[in-house]
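Visitor: Here's the letter readout for the chains.
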Amino acid sequence: MTVHSIDKKAIYAYLEEIKDPEVPVLSIIDLGIVRDVVMYEDDEVEVFITSTYNGCPAMDMIAANIRIMLSSLGFKKYKVTQILSPAWTTDWMSEEGKRKLKQYGIAAPDKRFQIAEDGVECPHCNSHHTKLISEFGSTACKALYQCHDCKEPFDYFKCH
Amino acid sequence: METTFKNQNSEVPPLEGFRQAYLLHLADTTLILSHRNSEWCGHGPVLEQDIALTNISLDLLGQARLFYQYAAELINNSKKAEGKVSPLGGDLEGADEDKLAYLRTEREYKNLLLVEQPNGDWGQTILRQYLYSQFQQLVFQQLQNHKDEQIAAIATKSLKETNYHVRWSSEWVIRLGDGTDESKQRMLYAIDELWRYTGEMFIPADYESVAQVDFNTVQQQWIAKVKTVFEEAGLPVPEKIFMQTGGKNGMHTEHIGYILSDLQYMQRAYPNSQW
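Sequence lines, in order, name chains A and B. Following our numbering, the numbering of the first sequence begins with 3 at its first residue and continues without gaps. Following our numbering, the numbering of the second sequence begins with 1151 at its first residue and continues without gaps.
Same shape as in the complex, but just chain A (with noise of 0.2 Å):
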């Protein structure tokens, strides 16, 4: 495939293909980082990402994993861009994305806990009997649980 033929949409199916390397089976689409994919003449491209956490390590990686994408496909000039506003929130990230992170044993977030609280849905056994440990997890992003009814332990993507 030449780079002329690859328009927007199929750059959006690439970075389908690009994961957070923190939570492996969420896409930069599914996480909702990717703000706008822009085609100039010339064959050059820009991506316009922003970020969840401001200290999340793993945006570089992404943004280096985009780039190498872009690169890969024959793009001669490219660019990954992080903008700032608006702020990303939760509202951004796909049911889609939800899903795949409860299968994964994520708590997805959920509206009715702006600021982590106990009572987040257990993804592994669905009971909202649980109890939150600390609102800070393993990455920036999430806090961590116990479930009262299965025992297990559990990550909560936070609402932001």
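If you're looking for bench data, these hints aren't it; they were derived computationally from the structure. Note that CB positions come from ideal geometry on N, CA and C, so glycine has one too.
A few chain B residues that face chain A, going by a derived Cβ cut-off under 7 Å, partial list only: (1) Ala1202; (2) Thr1306; (3) Lys1310; (4) Tyr1314.
Model the placement of chain B on the given structure of chain A, informed by the hints.
Guide: Below, chain B without anything else, positioned relative to chain A:
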């Protein structure tokens, strides 16, 4: 009204302008607090709290990077516009976030004195975090409406994290103040150690005229919030006491030198090294 110190260091960039200086103040404050908190990594009282504090550290580092990046952009633009050499000393080809963090001296750092204070015990670290996060939350709420869209965007994004920091640290202040005799004693000691550095937050430096923040309102809101938390914790809010100032203008406590020698060691010893 206290007078603010003009920066004594002649190396201080004459070009940086107020907006750049304010961005550096915000960047330095979040970076230094991040660095202090990171000193706890692997030493927290229990695993969850160790993780919590290092998470907060990471959030603050992320915020610092955004402020440094934007400050660097403005510094480079003004440098280009005026055709002047880099204000940052040495043979710097343009400012970037790393140069701003790693190659400025303590007199050029504009962070609040509060955040450079040593970790002390867990209580002192918690109180430092709470006093700052509560302030940061109120200031960033105002910065969200800043005319400079980039500043507004960084504030809006950071605030989501700061809200968690306020909640976590205030809960710990209450738990320790209202805990055992020992924990209460330690919190009283922490207040003695740290309160004197809080006054500075509300005395704007000359460059803070660009902040578009009403520091009087922030001060009233801050004291009201702190009173509520301290009351629940059974801790006294100190009466008017002497307040140490100067950090915003590069006049620091001795601690900053030790922090920077740690933070900047690699870049100073092996210039331009990367990994």
